[in-house]
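Trainee: Taking the hints into account, I'd like the entire structure generated from these sequences.
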Amino acid sequence: SAVISQKPSRDICQRGTSLTIQCQVDSQVTMMFWYRQQPGQSLTLIATANQGSEATYESGFVIDKFPISRPNLTFSTLTVSNMSPEDSSIYLCSGGQTDTQYFGPGTRLTVL
Amino acid sequence: ELKVEQNPLFLSMQEGKNYTIYCNYSTTSDRLYWYRQDPGKSLESLFVLLSNGAVKQEGRLMASLDTKARLSTLHITAAVHDLSATYFCAVDPNNAGNMLTFGGGTRLMVKP
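Protein sequences, first through last, are from chains L and R.
Here the first sequence stands for residues 3 to 114, numbered as in the numbering used here.
Here the second sequence stands for residues 43 to 154, numbered as in the numbering used here.
Since the hints were made in silico from the structure, they are not lab data.
It is possible that some hints are incorrect.
Stated by the list, open to error - Listed next, the stretches of chain L that the computed footprint assigns to chain R, with coverage defined by at least 3 CB atoms under 8 angstroms from CB atoms of chain R:
1) 45-52
2) 101-108
Stated by the list, open to error - Computed cross-link-like contacts, DSS-like style, restricted to lysine-lysine with a CA-CA straight-line distance of at most 27 angstroms:
3) R:K45 - R:K98
4) L:K67 - R:K110
5) R:K110 - R:K98
6) R:K110 - L:K9
7) R:K83 - R:K110
8) R:K98 - L:K67
Computed from a prediction, not measured in an experiment: that's the story for all the values here.
C-beta atoms are modelled at their ideal positions from N, C-alpha and C, and glycine is treated no differently.
Mentor: Here you go:
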């Protein structure tokens with residue numbers, strides 16, 4: 003199994019600012035992903051974090067708003083840019099091998 | 043576009059009772075995952091179902107997959123209060139063990 007950690011665990015930010023969330027996996031994983039979970043809702047995939055290349059974004063999510071890096075097989079960052087209150091959510095990273103996906107504890111973001 | 047629908051979305055049941063949560067999905071896939079989420083927590087992997095007819099059991103929970111019907115079930119036997127949580131099914135549309143499309147979640151409350 004893989005253990006995934008995220009920093010920060012929570013933050014309160016002002017409108018118009020940006021926040022970078024870090025995701026660290028304790029072992030090499032083939033795939034890493036970023037999800038958003040709005041209050042009381044299910045999870046929505048934001049993007050696939052590709053090692054050494056640009057992330058692959060899902061419909062409704064763009065690189066300018068959610069830039070993602072993945073410099074190696076165990077680390078990725080997600081930036082939420084120019085935040086608005088609508089960005090208040092839990093952001094989760096996940097990683098895994100072929101048959102299993104593990105999730106980090108999530109970053110709870112509140113935008114005022 | 044892949045759609046994953048769970049029902050019921052909310053379930054209140056008495057301890058000792060049995061019940062089934064259903065997960066229907068709209069595209070061909072042989073991989074289905076069940077997760078549990080406690081309030082304020084991340085997702086805990088419960089079951090990974092990788093083929094038609096797969097059945098897995100852990101304690102009072104049993105999950106099955108019928109890929110022809112595009113249906114998975116999560117059966118709860120003799121529910122106990124500790125099972126109170128939100129349960130998500132998730133489908134891997136690429137059968138590649140990577141990005142997941144989640145159902146809306148079933149919030150389960152087991153009353154003493």
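Trainee: With reference to the structure, classify each hint as holding or not holding.
Mentor: Results for each hint:
| no. | hint | in the structure |
| --- | --- | --- |
| 1 | 45-52 | holds (count 4) |
| 2 | 101-108 | holds (count 8) |
| 3 | R:K45 - R:K98 | holds, 24 angstroms |
| 4 | L:K67 - R:K110 | violated, 39 angstroms |
| 5 | R:K110 - R:K98 | holds, 18 angstroms |
| 6 | R:K110 - L:K9 | violated, 41 angstroms |
| 7 | R:K83 - R:K110 | violated, 33 angstroms |
| 8 | R:K98 - L:K67 | violated, 40 angstroms |
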